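Peer 1: Okay, here's what each chain looks like letter by letter:
2 protein chains.
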Amino acid sequence: MKLFKHLKKISTAGLFGSALLLSACASDGLIRGTGDMGIVIERATGSVLVVDNTKDETITRVNGLGDLSHASAVYSRDARYAYVFGRDGGLSKVDILKGELVKRVIQGGNSIGGAISQDGKLVAVSNYEPGGVRVFDAKTLEMVADIPANDGSKTVGLADAPGNVFMVSLWDDGEIWKLDFSKGLTPAITKFKDIGTNPYDALISPDGRYYVAGLFGEDGLAKLDLWNEAKGVTRILDHYGKGEQKLPVYKMPHLEGWAVAGDLMFLPAVGRHELLVLDKNTWKEVGRIPVHGQPIFAMAQPGGKYIWVNFSVPKNDTIQVIDVQQLKIIKTMKPGKGVLHMEFTPRGEKVWMSVRDENRVDIYRTDSFEKVGSIEATKPSGIFFTDRAHKIGL
Amino acid sequence: MKLFKHLKKISTAGLFGSALLLSACASDGLIRGTGDMGIVIERATGSVLVVDNTKDETITRVNGLGDLSHASAVYSRDARYAYVFGRDGGLSKVDILKGELVKRVIQGGNSIGGAISQDGKLVAVSNYEPGGVRVFDAKTLEMVADIPANDGSKTVGLADAPGNVFMVSLWDDGEIWKLDFSKGLTPAITKFKDIGTNPYDALISPDGRYYVAGLFGEDGLAKLDLWNEAKGVTRILDHYGKGEQKLPVYKMPHLEGWAVAGDLMFLPAVGRHELLVLDKNTWKEVGRIPVHGQPIFAMAQPGGKYIWVNFSVPKNDTIQVIDVQQLKIIKTMKPGKGVLHMEFTPRGEKVWMSVRDENRVDIYRTDSFEKVGSIEATKPSGIFFTDRAHKIGL
Chain A
1 MKLFKHLKKI
11 STAGLFGSAL
21 LLSACASDGL
31 IRGTGDMGIV
41 IERATGSVLV
51 VDNTKDETIT
61 RVNGLGDLSH
71 ASAVYSRDAR
81 YAYVFGRDGG
91 LSKVDILKGE
101 LVKRVIQGGN
111 SIGGAISQDG
121 KLVAVSNYEP
131 GGVRVFDAKT
141 LEMVADIPAN
151 DGSKTVGLAD
161 APGNVFMVSL
171 WDDGEIWKLD
181 FSKGLTPAIT
191 KFKDIGTNPY
201 DALISPDGRY
211 YVAGLFGEDG
221 LAKLDLWNEA
231 KGVTRILDHY
241 GKGEQKLPVY
251 KMPHLEGWAV
261 AGDLMFLPAV
271 GRHELLVLDK
281 NTWKEVGRIP
291 VHGQPIFAMA
301 QPGGKYIWVN
311 FSVPKNDTIQ
321 VIDVQQLKII
331 KTMKPGKGVL
341 HMEFTPRGEK
351 VWMSVRDENR
361 VDIYRTDSFE
371 KVGSIEATKP
381 SGIFFTDRAH
391 KIGL
Chain B
1 MKLFKHLKKI
11 STAGLFGSAL
21 LLSACASDGL
31 IRGTGDMGIV
41 IERATGSVLV
51 VDNTKDETIT
61 RVNGLGDLSH
71 ASAVYSRDAR
81 YAYVFGRDGG
91 LSKVDILKGE
101 LVKRVIQGGN
111 SIGGAISQDG
121 KLVAVSNYEP
131 GGVRVFDAKT
141 LEMVADIPAN
151 DGSKTVGLAD
161 APGNVFMVSL
171 WDDGEIWKLD
181 FSKGLTPAIT
191 KFKDIGTNPY
201 DALISPDGRY
211 YVAGLFGEDG
221 LAKLDLWNEA
231 KGVTRILDHY
241 GKGEQKLPVY
251 KMPHLEGWAV
261 AGDLMFLPAV
271 GRHELLVLDK
281 NTWKEVGRIP
291 VHGQPIFAMA
301 QPGGKYIWVN
311 FSVPKNDTIQ
321 VIDVQQLKII
331 KTMKPGKGVL
341 HMEFTPRGEK
351 VWMSVRDENR
361 VDIYRTDSFE
371 KVGSIEATKP
381 SGIFFTDRAH
391 KIGL
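Same order as they appear, the protein sequences are chains A and B.
20 is the number that full-length UniProt numbering gives to position 20 of the first sequence; each next residue is one higher, with no gaps.
299 is the number that full-length UniProt numbering gives to position 299 of the second sequence; each next residue is one higher, with no gaps.
Accuracy of the hints is not assured; some may be wrong.
All copies of an identical chain are treated as equivalent in the list; a pair is satisfied when it fits inside any one copy or across any two copies.
[Said to hold, decoys possible] Calculated cross-link-like contacts (lysine-lysine; reagent style DSSO-like; alpha-carbon spacing at most 27 Å): (1) K391 - K55; (2) K334 - K280; (3) K371 - K231; (4) K371 - K183; (5) K183 - K391; (6) K223 - K193; (7) K231 - K331; (8) K98 - K55; (9) K280 - K183; (10) K191 - K280; (11) K371 - K121; (12) K98 - K183.
Worth flagging that the hints you see were computed from the coordinates, not collected in a lab.
On a predicted model such as this, the values are computed, not experimentally measured, just so you know.
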């Protein structure tokens, strides 16, 4: 990959096509483990950077992924292919080893996220337009199932669960659906109705047991225990919001991630400048932590005692780090304007941060908070490392 | 890899050297993701099989690893290199992509296990002979630190912890040592003394917080909270064993693995035909589950509600599956004689089992318990998939 490095200085984004890489096909560059790789979404240019989180550098850029102004990604189980879900309904399959766009389909008009099945064979996409969920063969990207929602409801919070199951929430209809593909390509669908008004996102616990949807239209969150489905959906934190003045919501927080440390779980409050702290065992609120702004992501550092939080505009130049034993902010950092996303290295020794308006991804040590690297990126947003391939619900 | 497959039928173990694979160097075979790969230890022949857990097949065999009659392995952070710790003190670095033994050093006389540091740069080995811990550069296998134990005590339960720390227990001396490499190659050593007689193995919790050593010489287990080291080591389950008749111990159980499901933790009892069930939050025993024999491994299925258990001789032809909600055995299987180890695929849809005396590794679905595959292997024991690269304490 020496060639690439040499060219980097004089190149434009468009130069980094697959042709360059293919010419190196017989070289050692493509024979490498994929365990320390990842992608960075470049939201304005429809491109992704393929990155190396051992050397903290960019390997190549892949173009032509369409509108990535809101995008997320999952990985094949061999950690070679990234499936990127774009705002424009595009589903792109990227070969991160060859640095190639393998295939791209426009599967809907406006999509919000996706998931890959436990066995790695199915990729599901949740759509705002036309609503519902569409499911694709992970190899070919051919559509294998189309699951329309009632009246075209927008779907959110799509996540995989054990047993080749996808869980999804219906924004317009206030429902949670379980799509069970364990018996083949025609899913058994279980519908949980009246779960609350306007679920806006959801998470699944790392053990695949709980699916929890945040509600925008009313107080509390909707929780489903997948080990005891017959008990249905129950409300948790139903006091949350009551009697308090609502703040304008600049950006919806993300729930995906399950920020659990010990017995505590940390959730970004909607519209408020605080994190909610729950007891993971009772699902009851045990505290709130005042933070710098409206939190977007609250993420538990792997193997660490810290929760890292970023914020919506106009406070999105800041990161705060919370010690989970003291329940106190122990560090406030200002990486730059537009800190849109963070990703930890798999065992948590470093954290990568997209600083959109500075066109950089900064890399910090998590023990000393020292900045140890930085890579150039055009309006970077989501960062996705390949260890996600092996995790439930990510 | 077509060539390899064709040859497989007529070959002997020795034929599968690196030369064959190197000749295919320019082919697509070596350009692949490493997320769905792994190795199987062949304990009698000093070899490992490199395997693919998507296709459920063998890719190649690597020979020349010495005495693997008791062996374990860890992975580089790029999931390309396996470090194999052999009984004879050998430390072998295997390139699983090229199917090559990259390097092998005899670092001690009798070794029992090893670990890789959080940053992936250091590989540590715990020794019975000459005792102590030796630490090697992960790239070159050059020794970078030699940490003798008091009077040459055997060391056991070596595990990595966050902050480039290795934890280890001293069998002869009843101590736990923390070896902190965060500041460089001369570790800061913290010694916890009088933790109990003859710690025989240990585990670290997946969040890197707790280090727990089993005691062979007295009742209970020794627990250290690494977030609150000043509180020292405390005893848990100190009633465990008291007033009960000891059974002969055919084989020491392994603790590595942290079988946690929900709030419960499952530990194999030493010498007894039962699993101990602990409340993970209080560390108190909440029950025991009678099982078929002396348990060796009790492993939580990822994303599942089951604990899988194998047994020591003479009951080592059996596997039992425990439902963690009912705390009951729901399945007893007889895969064959010498079921030495199990490994789950990263998201838990399948489990691989070494059936030593049948020279097979069998592959089962975890939802239906249906056997879906089998590969030939010579006296297989430990199975290690590459997702371990991304986990603390494995």
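Peer 1: Next step is simple, just say for each hint if it's right about the structure.
Peer 2: Status of the hints after comparison with the structure:
Proximity of K391 to K55 under the C-alpha cut-off of 27 Å is found in both arrangements, the shortest distances being 23 Å within a copy and 19 Å between copies. With identical chains, the CA atoms of K334 and K280 are never at most 27 Å apart, being 31 Å at best within one copy and 37 Å at best between copies. In this homomeric assembly, K371 and K231 never come within 27 Å of each other (Cα to Cα): the closest approach is 48 Å inside a single copy and 32 Å across copies. Within a single copy, K371 and K183 get their C-alpha atoms only as close as 49 Å, which misses the 27 Å cut-off; across copies the closest is 17 Å, which meets it.
With identical chains, the CA atoms of K183 and K391 are at most 27 Å apart within one copy only, with a shortest distance of 22 Å there and 31 Å across copies. In the homo-oligomer, the alpha carbons of K223 and K193 lie at most 27 Å apart inside one protomer (12 Å), although the nearest pairing across protomers, at 46 Å, exceeds that limit. Within a single copy, K231 and K331 get their C-alpha atoms only as close as 42 Å, which misses the 27 Å cut-off; across copies the closest is 25 Å, which meets it. Taking identical chains as interchangeable, the C-alpha atoms of K98 and K55 lie at most 27 Å apart whether they share a chain (18 Å) or sit on different chains (21 Å).
Taking identical chains as interchangeable, the C-alpha atoms of K280 and K183 are never at most 27 Å apart, the minima being 32 Å within one chain and 35 Å between chains. Proximity of K191 and K280 under a CA criterion of 27 Å is satisfied intra-copy only: 25 Å inside one chain copy versus 33 Å between copies. In this assembly of identical chains, the alpha carbons of K371 and K121 lie at most 27 Å apart only when taken from different copies (19 Å versus 39 Å within one copy). For the homomeric pair K98 and K183, neither the shortest alpha-carbon distance inside one copy (34 Å) nor that between copies (37 Å) is at most 27 Å.
Comparing the model with each earlier hint shows violations of hints 2, 3, 9 and 12; every other hint is respected.
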